[in-house]
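Asks: Given chain A, work out where chains B and C should sit, using these hints.
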Amino acid sequence: MRGCKRTQAMLVISTIGALATILTGCSASSTSTGASSASNGPVTITFLACCAADQTKTLVAEFEKKYPNITVKTQVVPFENLNSTVEARLGQKDSSFDFYEADQPRTAALASKGFLADITTTFRPLADPTLFPASIQASSWHNKIWSAPLWTSTSILYYNKTLLAKAGVAPPSGDPSARWTWEQVSVAAKKAMSVGAQCGFMFDQPNRFYQLQPLIESAGGGSGLTGSKLLTPDITNAGWTKAMTYYAELYSSGITPRGVPAEQTRALFQNGKCAFFLGVPAIPTFDTTGLSYGYAPSPYFDGGKPATPTDSFALGVNPYTKNMSAALKFIEYASTDTAGNLAAVADNPNPTPNKAALPTFFAQVEAKSPAMKGVGTLVQYELQNTAVHRPASTGYIIFETTINNAFSDISNGKGVQPTLAQAQKDLIDQLSR
Amino acid sequence: MRNDMRALIRAFRRGGRPPRRYPEWLTALLFLSPALLSLALFRLYPAVKSAMDSLTVSPEANTGFAGLSNYRYLFGSNGFHQAVTATIKIVAIAVAVQTVSALALAALLNVRSWGTAAWRTLIVVPIAVPLAVSSVVFGIAYRPDGPLNALVVAFGLSKQPFLGSDVQAPLALVVALSWVGVGYWMVFLIAGLQDIPKQLTEAAAVDGAGATRTFFSITLPLLRRPLAFVIVANTVANVLVFAPSQILTQGGPAGSTRVVMYDIYTRAFTLGDTGAASAEIVLLLIVMLALVGAQLRLLGGWGR
Amino acid sequence: MAPTVAAVIAAAAFAAPLYWMLISALRPEKDIFAYLFPLSSQGFLPATWTIANFTDLLDTGFLSTTGNSLLVAAVTTVGGLAIAIPSAFALSVLRFRFRRVLFAIIVLSFSVPFDVVAVPLSGVFRDWNLDNTYTGLILPGLGNGFAIFLLRQFFLAVPLSLQEAARLDGATWWRIMWGIYVPLSRPAIIGAALIIFTNQWQAYLWPLLVAPDPKMQLAPIALANLSNLYEVHMGQIFAGSVILAVIPGAILFATQRFFVRSISATGATG
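Protein chains in written order, with my numbering: chain A, 1470 to 1902; chain B, 3 to 306; chain C, 61 to 330.
Check each hint, because a few of them may be wrong.
[Unchecked claim] Quick list of in silico lysine to any residue cross-link-like pairs, SDA-like style, CA-CA up to 25 angstroms: (1) B:K200 x C:K90; (2) A:K1542 x C:P274; (3) A:K1883 x B:S160; (4) A:K1698 x A:Y1715; (5) C:K90 x A:S1553; (6) C:K90 x A:Q1653; (7) A:K1742 x C:K90; (8) A:K1542 x C:E291; (9) B:K161 x A:S1553; (10) B:K51 x B:K200; (11) B:K51 x A:S1553; (12) B:K200 x C:V218; (13) A:K1791 x C:L190; (14) A:K1698 x B:L273; (15) A:K1742 x C:Q102; (16) A:K1837 x C:K90; (17) A:K1535 x A:S1553; (18) A:K1526 x C:Q102; (19) A:K1535 x C:V242.
Derived from the structure by calculation, the hints contain no laboratory data. Given the structure is predicted, the values throughout are model-derived calculations rather than measurements.
Excised from the complex, chain A in its bound form (with noise of 0.2 angstroms):
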């Protein structure tokens, strides 16, 4: 019986031997050819979005009314789940959807690991004239464009005017060239919580680097990213200090309440609880709570500039696409084209890259919101003269993470100066993969 027990023990060993060396086999065979269909018939094209199909499905459905040739099949991912799933699928060469919204911080980190087809020729002339150029800037690295411009951003200071007045706080100006200081900030929200407002100020997106960027470039402490390939880290700088000292004691003498997410926030406000709220123009549930109030510019620092964060997502070219033609098409429309433009900000309200749908889109949002008037000329100033972007660099992704775990734990009390210097040996680590 010797003989049998060899010969099962080889049977079950080589099954699965077999198996395995097959399935090696069959995934080396997965690229695909990415030749593109020159065809005039009617073509479909995947479009690879966030979120609940219907954010788009006004922008889908005005393409298609333009394009009757063109039908667009739309692929939806969580927000959350939006960027690693796209790299994930093109690390994998997927040809599968042929454009997808990609977040443009990230232009420079996906155009360099090849998941962005380069749009410059043909996009160029069409932005150049239609689109402000910070929005085109933002979607380019090495002097070539990688994807068209959906939307853009920005972010004001709103007020409770029902709690100021308790306070005796008078509201600040809407001018720009007055617009209050930080200091003059924690200042009137440690008076609204004295007459018992429970939180004195709120950013909309916190300890994340979108939202603190402003501060920071304010302070004078730079994007944090330096060097001739924005690789080496520099987070270490009076500016960093002063603005991570300022952020940390707003949340340790209880100006700002911690442990409230990012999707959390906004509900603090609407239920007027915060004196002060940091965020993007136009924030529809704000009207819905009978809520009394007001909007000024972003602060400041005292002694430095203004600085306002901007860009936000653009519809990229996967390369491995077989349908180049007609995906430059939708992303053409849905960013250079007035009309488009306007279609893709109607399920999703954002400020646009397009100079020309910008005061139609704002005109809308003053006519919903009595309480905004007037944000339209305010957003385009900021846009044109105090928008800051964040850094171009390839290795934005792992400098954010990791600059965010650094703010989480300023927020929760870690002191200042040994967080930062950790964070930035952990960033020189890291940038050096």
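Replies: Okay, now just chains B and C, sitting in the frame of chain A:
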């Protein structure tokens, strides 16, 4: 085996019924083949691929052999140290808490009556809630200005930082994991308890043994095999889960909840460092192998 | 009496978050975060009720995604049991040389974290045209090492005398497995079914990678889609979670009666 095969062939040639006795190992192979196929396809092949990646993919060596450089990098990395400490702490506490609680609740709810079906269902039903949602709910509960602190303050104590403290955060995660885990593991222990013949426990009662004595001397030893399953599977499950770390604390504060699986996920998907991620996977697998092996040996779960 | 009280308290503690999700789903979305702190009666019992969250959620096609999830989980459970039961039987009852080694290999390989395997595997599935298909969603969930482990532990407890008697009567292993072991192991089989079902019900990364087409979407992902950078529909998310909890909850409640004692170990069988 040759004799068996010859007998088989002779039987078929005869046209009669084949002898009932196929060699046992052949039956076993047939019974096991779908599972083995699934294993090879969906676990072994990718595990092997990971191991190869850990030795070949590295920024220093774009192709070819990178040797142990990924491993050296990992051992020197601050994030990895935090990951190991956090994982050991959280897994040890979670396994202990969940196993003991599941056992206690199983003993409590082993009775068959109308009410217990309802209580059992309520305790088990958390497993049907998507882990992402239950994490968010616990996140809300743990907010410094949230309902748990409302209770704490109502009892006269001061507000707790919960997720903001590197001491409390891991414990808070264990609670969130146990809300789902206890009910789940309780099911298997109830099944195990049901398997114990009533005569044995009744005989002990007749002999004058109290409830606790009966439990420890009779019930527990007879629960050895299901308990072995629960402890081993519970350990593996707690090592593999990282959704709460990802959603509630992003590994913080100060890396106190940065479990190894979350560290791997971050390295692989966010930092794009395949080499180090693969190396970490290999290390994790080796440790799990040792741990599961040791547990099975200690708990006598190898069986016959 | 005391055990019942303890049981009720335990059940209440576990049900508390579910209760909170339910009342949050039944109140207007803007109220969900309004009564967290300090302790107030409205935190437990809302003054304003609405079913708007449920109707809005159903408008997004949530019923069909729940249907997808149910279909995929049900098929996986049946198929998974069909694979696990013979495997566990082979590893516990049949005698062959590498029994223990194979058991170890199976348990350990299924401990390989699927999340890190998912990405390259999804590429392979795409090449095989299994993306956006039910088959693609179901296949990886069929083999489950823990289900096999659990069933093996319970099969080991069945007295050998039963199968020895059956073998003497000339029964095949297949008959013995389905005729003797399976009926005796009902609680374990329900437990194994629970493992396989939960595994598939909670699956997130795999469906995300392999089936992003909205028609093939599964429930946990549909819920995640309700929050984006600027808006989070918490009310709808909780409404969806309540629906997702109630369905398996009802199934669990109904199958409790199958948790009956197996025949005692004296060897007396029909």
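Asks: Against this structure, judge whether each hint is valid.
Replies: Hint-by-hint comparison with the structure:
1. B:K200 x C:K90: violated, 54 angstroms
2. A:K1542 x C:P274: Judged against 25 angstroms, a Cα distance of about 10 angstroms means the pair holds.
3. A:K1883 x B:S160: This hinted pair holds, its Cα atoms lying about 20 angstroms apart.
4. A:K1698 x A:Y1715: Given that 25 angstroms is the threshold and the Cα spacing comes to 30 angstroms, the pair is violated.
5. C:K90 x A:S1553: Judged against 25 angstroms, a Cα distance of about 31 angstroms means the pair is violated.
6. C:K90 x A:Q1653: It is violated: about 30 angstroms lies between the C-alpha atoms, which goes past 25 angstroms.
7. A:K1742 x C:K90: Holds. A:K1742 to C:K90 sits at ~13 angstroms (cutoff 25 angstroms).
8. A:K1542 x C:E291: Distance of about 23 angstroms is within 25 angstroms: holds.
9. B:K161 x A:S1553: It is violated: about 37 angstroms lies between the C-alpha atoms, which goes past 25 angstroms.
10. B:K51 x B:K200: Roughly 51 angstroms between the alpha carbons, so the hint for B:K51 and B:K200 is violated.
11. B:K51 x A:S1553: holds, 21 angstroms
12. B:K200 x C:V218: Roughly 16 angstroms between the alpha carbons, so the hint for B:K200 and C:V218 holds.
13. A:K1791 x C:L190: holds, 20 angstroms
14. A:K1698 x B:L273: Holds, at about 17 angstroms.
15. A:K1742 x C:Q102: Since the Cα atoms of A:K1742 and C:Q102 sit roughly 17 angstroms apart, the hinted pair holds (cutoff 25 angstroms).
16. A:K1837 x C:K90: At roughly 19 angstroms apart (the allowed maximum being 25 angstroms), C:K90 and A:K1837 satisfy the hint.
17. A:K1535 x A:S1553: Since the Cα atoms of A:K1535 and A:S1553 sit roughly 32 angstroms apart, the hinted pair is violated (cutoff 25 angstroms).
18. A:K1526 x C:Q102: Since the Cα atoms of A:K1526 and C:Q102 sit roughly 37 angstroms apart, the hinted pair is violated (cutoff 25 angstroms).
19. A:K1535 x C:V242: violated, 63 angstroms
In terms of the numbered hints stated before, the structure departs from hints 1, 4, 5, 6, 9, 10, 17, 18, 19, listed from lowest to highest.
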